[in-house]
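Protein chains in written order, with the numbering used here: chain A, 1 to 155; chain B, 156 to 218.
In case anyone wonders, no lab produced these hints; they're calculated from the structure.
Check before you lean on any hint, since a few could be wrong.
[Claimed, not checked] Here are a few chain A residues that sit away from chain B, every Cβ distance over 12 Å (derived from the structure): (1) L17; (2) V21; (3) F26; (4) F33; (5) P57; (6) L65; (7) N96; (8) G121; (9) P123; (10) Y129; (11) V138.
[To be verified] Heads up, simulated BS3-like pairs for lysine-lysine below, C-alpha to C-alpha not over 25 Å straight-line: (12) B/K157 with B/K190; (13) B/K205 with A/K9; (14) B/K202 with A/K83; (15) A/K83 with B/K192; (16) B/K190 with A/K93.
Small disclaimer: the values here were computed from a predicted structure and weren't measured.
From the three backbone atoms N, C-alpha and C, an ideal C-beta is built for every residue, glycine too.
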Amino acid sequence: MKDAKDAKKMKDGKRLLAMKVFAATFALLLILFWVCIVIAEMGKGPIGPIFFVTLIPLIGILAILFIMMRRISKSVESGMPLKDERIRRIENKAGNYTTQLTLYFLLVLAFYIGFGVEDYGWPMVPVRYIAWIVFFFVAAVFFGLRWQFSRKGDA
Amino acid sequence: MKTRIKELRARYNLTQEQLAIRVGVRRETIVFLEKGKYNPSLELAHKVAKALKTTIDELFIFD
Chain A
1 MKDAKDAKKM KDGKRLLAMK VFAATFALLL ILFWVCIVIA EMGKGPIGPI FFVTLIPLIG
61 ILAILFIMMR RISKSVESGM PLKDERIRRI ENKAGNYTTQ LTLYFLLVLA FYIGFGVEDY
121 GWPMVPVRYI AWIVFFFVAA VFFGLRWQFS RKGDA
Chain B
156 MKTRIKELRA RYNLTQEQLA IRVGVRRETI VFLEKGKYNP SLELAHKVAK ALKTTIDELF
216 IFD
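Using the sequences and the accompanying hints, generate a full structural model.
Quick look at the structure:
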């Protein structure tokens with residue numbers, strides 16, 4: 001029993017480390033992306049309002065990321081698991097719904113491109129945009145559903 | 156579903172966090188259990204009942 005608990009704790013520790021690495025990489029990429037925007041803008045002339053307009057959300061996102069990671073680290077260090085059966089159940093449910101909705105969404109996209117664009121002359125969506133649209137759709141649906149299910153409960 | 160978790164937790168002077176650590180779940184799960192908004196697995200129900208020195212029957216009341 002104690003061994004199982006220790007193994008679970010070790011697994012959570014590894015997961016937490018992976019989450020920290022992921023968060024740090026995400027933050028670095030975000031900063032890099034922002035620096036690229038600023039350099040591109042500065043190449044056109046003096047620092048414009050885009051510098052300040054983009055700096056505020058950047059700091060906001062980084063702060064939220066930092067606070068979230070700190071809260072998760074603290075709760076795991078106090079002995080609570082990173083994921084328990086309720087969270088797993090919520091994620092499974094959200095994943096299930098997301099898969100089904102994504103299939104319908106892809107079907108709509110296929111019809112749009114197959115019939116709308118080819119037969120009715122609707123504007124063509126470039127492939128790179130389609131990839132981003134699908135990515136944001138899946139992410140938004142999954143995180144939205146997870147948030148909704150975590151608020152609602154299942155009793 | 157109603158539960159007596161809050162009442163028994165108070166009897167044993169346990170916080171939600173302490174009970175969560177004892178049964179190996181997150182604090183939010185205890186909050187949902189107390190509100191009767193979450194149907195726990197048999198394993199979790201057993202663990203909570205054991206931590207509060209009672210039985211599942213006495214802990215969870217089904218209307």
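To see whether the hints hold, each was checked on the structure:
A/L17, annotated as away from the interface, keeps every beta carbon of chain B farther than 12 Å; the closest lies near 19 Å. With 12 Å as the threshold on Cβ separation, the claim that A/V21 sits away from chain B holds: the shortest Cβ distance comes to roughly 22 Å. The non-interface label for A/F26 is consistent with chain B: the shortest C-beta to C-beta separation is roughly 23 Å, beyond 12 Å. Remark: the non-interface label on A/F33 is consistent with the geometry, its nearest Cβ contact in chain B lying 33 Å away (cut-off 12 Å).
Every Cβ of chain B is farther than 12 Å from the Cβ of A/P57; the closest lies at roughly 28 Å, confirming the non-interface assignment. Its beta-carbon lying about 20 Å from the closest one in chain B, A/L65 satisfies the requirement of being farther than 12 Å from that chain. Residue placement check: A/N96 keeps its beta carbon more than 12 Å from all beta carbons of chain B (closest about 17 Å). Chain B leaves A/G121 outside its interface by the beta-carbon criterion, the shortest separation being 51 Å against a cut-off of 12 Å.
With a least beta-carbon separation of about 45 Å from chain B, A/P123 lies farther than 12 Å from that chain, consistent with its non-interface assignment. Taking the minimum C-beta to C-beta distance to chain B, about 38 Å, the non-interface status of A/Y129 holds against the 12 Å cut. Annotated as non-interface, A/V138 keeps its C-beta farther than 12 Å from every C-beta of chain B; the closest such distance is 25 Å. With a C-alpha separation of about 8 Å, the suggested pairing of B/K157 with B/K190 holds against the 25 Å cut-off.
The hinted pair formed by B/K205 and A/K9 meets the criterion: a straight-line CA distance of about 21 Å does not exceed 25 Å. Under the criterion of a C-alpha separation no larger than 25 Å, the hint pairing B/K202 with A/K83 is consistent with the structure, at around 17 Å. With a CA separation close to 18 Å, the supplied pair A/K83 and B/K192 stays within the 25 Å bound. Restraint check for B/K190 and A/K93: the C-alpha separation of about 21 Å stays at or below 25 Å, so the hint holds.
No hint from the list above goes unmet by this structure.
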